[in-house]
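J.: Sequence:
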Amino acid sequence: FESNFGQLLKSFQAIDPNHRAEKVRRVARSLSLAENEALAEFVDMLMTEGLGIEAG
5 FESNFGQLLK
15 SFQAIDPNHR
25 AEKVRRVARS
35 LSLAENEALA
45 EFVDMLMTEG
55 LGIEAG
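The opening position of the sequence shown corresponds to residue 5 in the numbering used here, with each subsequent residue numbered one higher.
Some clues are possibly wrong.
Ranges between beta-carbon positions, derived for each pair [claimed, not checked]: (1) N22 - E53: 29 to 37 Å; (2) R24 - M51: 14 to 22 Å; (3) E53 - D20: 29 to 37 Å; (4) E41 - D20: 23 to 31 Å; (5) V47 - E26: 16 to 24 Å.
Source of the hints: derived by calculation from the structure; they are not laboratory data. For glycine and all other residues, C-beta sits at the position ideal for the given N, C-alpha and C.
Given only the sequences and the hints, what does the whole structure look like? Please build it.
T.: This is how it looks when you write it as C-alpha cells:
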C-alpha cells in the first residue's frame with residue numbers, strides 16, 4: 005500500500021497544477037462503479053483518520 009500510495013502522490017505532483025483538476029476528473033469519470041466506491045471509501049478514511057504518520 006505504502007509504495008502504491010507514494011507513487012500516486014508522485015504522479016499527482018508531476019501533473020501541471022493548471023491541469024490537475026481536469027485530469028483527476030477525467031480519471032474519476034472513467035472508473036467503474038466498484039472502483040468509484042472504493043475510491044470514496046479511501047477518501048473518507050483519509051479524511052477521518054489521516055495517514056497515521058507525522059508530517060515532515
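J.: Tell me the numbers of any earlier hints that the structure contravenes, in ascending order.
T.: No numbers; nothing is violated.
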